[in-house]
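> Chains as they are written, first to last, in my numbering: chain A, 134 to 246; chain B, 717 to 828.
What the hints contain is simulated information worked out from the structure, not anything from laboratory work.
Incorrect hints may appear among the rest.
Claimed, not checked - Here are the simulated lysine-lysine pairs, BS3-like style, with alpha carbons at most 27 Å apart:
| id | chain 1 | residue 1 | chain 2 | residue 2 |
| --- | --- | --- | --- | --- |
| 1 | A | Lys190 | B | Lys784 |
| 2 | A | Lys147 | A | Lys204 |
| 3 | A | Lys190 | A | Lys204 |
| 4 | A | Lys142 | B | Lys758 |
| 5 | A | Lys147 | A | Lys190 |
| 6 | B | Lys784 | B | Lys758 |
| 7 | A | Lys142 | A | Lys204 |
| 8 | B | Lys774 | A | Lys147 |
| 9 | A | Lys142 | A | Lys190 |
| 10 | B | Lys774 | B | Lys784 |
| 11 | B | Lys758 | A | Lys204 |
| 12 | B | Lys785 | B | Lys774 |
Claimed, not checked - Some but not every residue of chain A turned toward chain B, in silico, with C-beta under 8 Å:
| id | residue |
| --- | --- |
| 13 | Leu176 |
| 14 | Tyr181 |
| 15 | Phe237 |
Keep in mind it's a predicted model, so treat the numbers as computed, not measured.
All residues carry an ideal CB built from backbone N, CA and C; glycine is no exception.
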Amino acid sequence: NAGVTQTPKFRVLKTGQSMTLLCAQDMNHEYMYWYRQDPGMGLRLIHYSVGEGTTAKGEVPDGYNVSRLKKQNFLLGLESAAPSQTSVYFCASAPGGEGNTIYFGEGSWLTVV
Amino acid sequence: AQSVTQLDSHVSVSEGTPVLLRCNYSSSYSPSLFWYVQHPNKGLQLLLKYTSAATLVKGINGFEAEFKKSETSFHLTKPSAHMSDAAEYFCVVKGSARQLTFGSGTQLTVLP
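All chains should be modelled from the sequences, with the hints used to inform the complete structure.
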């Protein structure tokens with residue numbers, strides 16, 4: 134009963150390096166989201182997807198790219214990491230339709246030095 | 717457009733006393749509203765949700781919230797705080813844009 138799984142959980146990057154965060158859900162959910170959490174700012178939406186093959190920008194998309202090639206996976210990429218991208222990243226998924234519960238992964242701690 | 721305002725960034729209560737965490741929202745549509753809790757270094761756990769059914773919503777661990785459309789509020793309450801309730805709480809609105817908007821969070825401290 135995995136739910137939403139994020140990998141890796143912890144990562145340290147040097148400025149300019151690239152990396153990909155993987156989010157996998159086993160609940161056949163239509164919607165998937167990537168958020169970042171910074172102190173005092175709650176969670177801010179980076180990108181989201183309403184179905185396989187679709188993606189859309191959220192509130193803070195700059196510096197990130199995403200892909201949803203398979204329904205169960207939502208990848209978040211950093212092409213050239215910057216210290217401002219040091220954050221905790223949360224993936225979430227939800228069934229289609231209004232009012233459905235959103236399920237969160239346990240977070241990925243990323244530090245860019 | 718939609719937004720969420722959590723009126724207190726920090727709340728401290730004594731164990732056994734009531735908890736009140738305040739949330740106001742704005743939305744162009746009839747929203748779905750949620751409260752999530754986050755314990756240190758953990759993910760977010762759903763406490764309760766409002767989806768246009770009963771205005772008083774009961775959640776896990778003795779928490780409840782009342783949706784008041786006239787006040788655009790969705791405050792979270794618990795009659796008696798427990799030490800294990802110490803965490804950060806987020807009010808979330810989900811509107812027709814199929815996006816979630818989070819409040820900035822309220823850190824709850826429970827004093828012995």
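> Holds or violated: B/Lys774 and B/Lys784, Cα atoms, limit 27 Å.
holds (15 Å)
> Is it true that the CA of B/Lys785 sits at most 27 Å from the CA of B/Lys774?
holds (17 Å)
> Given the proposed pairing of B/Lys774 with A/Lys147, does the C-alpha separation stay at or below 27 Å?
violated (46 Å)
> Please verify whether B/Lys784 and B/Lys758 have alpha carbons no more than 27 Å apart.
Not satisfied, since the Cα-Cα distance of roughly 30 Å exceeds 27 Å.
> Given A/Leu176 as an interface hint, is its Cβ closer than 8 Å to any Cβ of chain B?
This interface hint holds because 4 Å falls under the 8 Å limit.
> Please verify whether A/Lys190 and B/Lys784 have alpha carbons no more than 27 Å apart.
violated (31 Å)
> Has the given pair, A/Lys142 with B/Lys758, been kept, meaning a C-alpha gap of at most 27 Å?
holds (11 Å)
> Does the structure keep A/Lys142 and A/Lys204 at a Cα separation of 27 Å or less?
Given that 27 Å is the threshold and the Cα spacing comes to 22 Å, the pair holds.
> Does A/Tyr181 pass the interface hint, meaning its C-beta sits closer than 8 Å to a C-beta of chain B?
holds (6 Å)
> Keeping to a limit of 27 Å between CA atoms, is the pair of A/Lys147 and A/Lys204 held or broken?
At roughly 31 Å apart (the allowed maximum being 27 Å), A/Lys204 and A/Lys147 break the hint.
> Just to be careful, I want the Cα atoms of A/Lys142 and A/Lys190 compared with a cutoff of 27 Å; is the pair within it?
At roughly 24 Å apart (the allowed maximum being 27 Å), A/Lys190 and A/Lys142 satisfy the hint.
> Below or equal to 27 Å on CA atoms is what counts here, so check A/Lys190 against A/Lys204.
Measuring from Cα to Cα gives roughly 18 Å; hence the hint holds.
Checked against the numbered hints given earlier, this structure breaks hints 1, 2, 6, 8; the rest are met.
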